[in-house]
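Heads up: the sequence lines are chains X and W, in that order. FYI, my numbering numbers position 114 of the first sequence as 109, with every residue one higher than the one before it. Every position in the second sequence, counted from 1, becomes a number in my numbering once 1 is added.
Hints in this document: simulated from the structure, not taken from any laboratory. Heads up, none of these hints are tricks.
List of simulated lysine to any residue pairs, SDA-like, C-alpha gap at most 25 Å:
| hint | chain 1 | residue 1 | chain 2 | residue 2 |
| --- | --- | --- | --- | --- |
| 1 | X | 98 | W | 614 |
| 2 | X | 98 | W | 524 |
| 3 | W | 522 | W | 563 |
| 4 | X | -3 | W | 331 |
| 5 | X | 98 | W | 234 |
| 6 | X | 98 | W | 582 |
| 7 | X | -3 | W | 344 |
| 8 | X | -3 | W | 328 |
| 9 | X | 98 | W | 236 |
| 10 | W | 414 | W | 353 |
| 11 | X | 150 | W | 386 |
| 12 | X | -3 | W | 325 |
| 13 | X | 98 | W | 525 |
| 14 | W | 426 | W | 354 |
| 15 | X | -3 | W | 271 |
| 16 | X | 116 | X | 165 |
| 17 | X | 110 | W | 604 |
| 18 | X | 116 | X | 161 |
| 19 | W | 522 | X | 100 |
| 20 | W | 522 | W | 567 |
| 21 | W | 522 | X | 125 |
| 22 | X | 98 | W | 603 |
| 23 | X | 98 | X | 113 |
| 24 | X | -3 | W | 353 |
| 25 | X | -3 | W | 198 |
| 26 | X | -3 | W | 354 |
| 27 | X | -3 | W | 329 |
| 28 | X | -3 | W | 336 |
| 29 | X | 150 | W | 376 |
| 30 | X | 98 | W | 523 |
| 31 | X | 110 | W | 603 |
| 32 | X | 98 | W | 584 |
| 33 | X | 98 | W | 602 |
| 34 | X | 98 | W | 532 |
| 35 | X | 116 | X | 153 |
| 36 | X | 110 | W | 611 |
| 37 | X | 116 | X | 156 |
This one's a predicted model, so the numbers in the text were calculated from it and none came from an experiment.
Residue strings, one per chain:
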Amino acid sequence: MKRLLFLLPIVGFIGLLGVFGVGLTHDPKLLPSQLIDRPLPEFVLPGIEAVPGGGPGFASVSIRGEPALLNVFASWCAACPQEHPVLTQIASEGVPVYGLAWKDEPADSRGWLEKWGNPYKAVAADQRGRTAIDLGVTGVPETFIVDKRGRVRYKQIGPISPDQWTGTIKPLLAQLRAEA
Amino acid sequence: MLAEIGHFALILALITAIIQAVLPMVGAVRGDGALMALGRTTAQLQAALLALAFAVLMASFARADFSVALVAQHSALDQPLPYRLAATWGNHEGSMLLWVLILALFGGGIAAFGDNLRASLQARTLSIQAMITAAFLAFSLFTSNPFARLIPAPLNGSELNPLLQDPGLVFHPPLLYLGYVGFSVTFSFAVAALLEGRADAAWARWMRPWVLAAWVPLTLGITLGSFWAYYELGWGGWWFWDPVENASLMPWLLGTALLHSAIVTEKRQALAGWTILLAILAFSLSLIGTFLVRSGILTSVHAFAVDPERGVFILAMIGVATGGALALFAVRAPLLRSGAMFSSVSREAGLTLNNLFLMAVTSVVFFGTFYPVIMEAVDQKVSVGAPYYNMVFAPLAIPLLLLVTVGPMLAWKRDSLSTLAPKLKWVGLAAIITFVAGGFILGWSNIGSAFGMALALWLIAGGTMALVKRWRGAGAQGFGGFSLRLVRTTPPAVLGMALAHAGLGVLVAGISAMSAMSAEKILVMRPGESVEVGVLNVRYLSLQEVQGANYRAIQARFDVRRGSRTRTLVSERRIYPNSRNQTTEAGIDAGLLGNSYIAIGDAQQGPAGDGLVVRSYWHPLVGWIWFGGLMMAMGGAASLADRRYRIGAATRQVLPVAPPLPAE
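In isolation and in its complexed conformation, chain X is listed as follows (with noise of 0.2 Å):
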């Protein structure tokens, strides 16, 4: 009995090593949405045309019917610009693009709308950041592909870049376009 409890730790590291091997195999960078095939939670934003409560905007249940891309970002984030060409080359492909202005001022949001020029086809304005912590949002930009039915298919960290976009997003949405 004595000598069961001498194995103990013994038995318990073997465990745990083997534990730190798997998770060896694991991307830590890699976040996944937890809203992967689920639909996306339910919001009814204003736009960014008028004042709060006014304006087109729109809700997640306009989001459906054909895939679409839901894309998070703000006036103040330095990334923005840079994804902003991708983003203007996949409106222009037909692919309808959401975009959600996170913790922004309406007037900001149209200022950088208009110095950029505005690939999207609705803008809300989630000016308290709730929505967007509904959607599990870390950081901007990020976006989310949503299909026909409108559930969340994936979910983009970061910048869209140019090989992302044909490497990856494209394939992706021919695949939801050709779901049932």
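Using the hints, position chain W against chain X.
Here is chain W on its own, set in the frame of chain X:
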């Protein structure tokens, strides 16, 4: 040429380490004195070779020799010389070299100060130490060679991460490493004792100074790291439960347990198996700490080069070292002679309880740190944050802290609660009064902090009482029952214990005040505006741009008023163009009662003029946290200075030390 000398010294050190790993062990098994003595020579040779290699790398950084890849990656010409030198260990390869250097220096220490060691025990210890060194040297040479050349050499290098260009970096990693690596000695001692099948009082006495030699720098290193994070990262916090912080806290907790259990083994020859287990685990957790940072298995603010290949190597090393030692433990430890019995109320029992609580606290930190890894093994991503630690750490830490003051009051072997109670009654009463007064002053919603304050008093008074008790010892005559002779002959180890326990109290006071009374405000300010933050009045004066040696900065000035005291604080936000990194240099007015702390964010241009994001904090007693850590380290150092440990255990009866106290 220079770099090749360093590289060559590394290779020679590896060969020496392999010889040292094998021959003294063979000598110890065969009883061959010459082979055993060889270990002492090779240990010192190894230390000299690695010192040479490290000096060469430092010289390459000093001369900005960009043909050495490491120098080119981590230093730039416009970087001030002290930070070019500090860059030697501010990166993966260089820090590994520092790690093996310290390993070899400790090995040299065992050889140099081990005259009173049993020859076979010393030979075995040196051999185990050399196995660890050889493994790390191989790791260094084959996966992360610091002397790799870069041909053609660039004209200028890319610089050291600016966060690390700070006096804190000059000392923080070397101190932590001294601590981590110091536990290699106790590990080697423990494994050697298992191999010999003997873990007696003499063994524990030899080991204790080495535990202290690791514990003191580790305490200083953690304290300094916390202080550095506080003023350099600009978050205004002092502990973040980041995995890498936890990685240093765990060996510290187990080292503290080891420090106390070794006393029991030394004085009463009990708990030998437990002491050995702690020695093995303390070093294993140091290794796991290294593994954590460099393998990329966990995400942390401490961004080291992440490389799974290195992770595999370190994992294999941990597997062999810890797995081997624990297997040996399972086979050999049950055979160790178990020591004297003790009653359930005695110094031994108190120290055992202390060990159990320390072990429990370590497990809590361990579980919190590795839970994400465990969950990831089954494909789930989770993160564990401060709320978990606050919730489970405190309930375990409180009984432990209560025990700290009780332990030294207990007699060895056998004591009773009825003799204990009168000794603690005044301290207990003072603590209760503090608690009630704290409750009224801080408000009963902050009852936890009032309790913390009472606990702090309990610890500080307890530390003082341990000394008073000694100075008023049995039959003492003199002023107020104090005996000058007893004051004069108090061993440094007792002073150290009192200082360390009181330091813990100071630390607890700082933490309690910070959690109850700190205040913060974040807002956009324009020059001339002012804001109230807790007891502070912060007035934003002006903003200007400045040019540093290798950075540009915006610099904001503030007048901070607290009562009748007004100070002008300067807070900076620096941009390092070479690496396009930003750092915050917070403006801090440090005082005994607390710090005013101002960090600035981005300047904003808006229609209403130029605004600046300003975060102002009032941090009551925050300095006490680090001062408490410093006191604990000083206590450890005082204990280390105790000459009793430099004298063999055999002569112990002759010396007038620590007369066993009569059961009062």
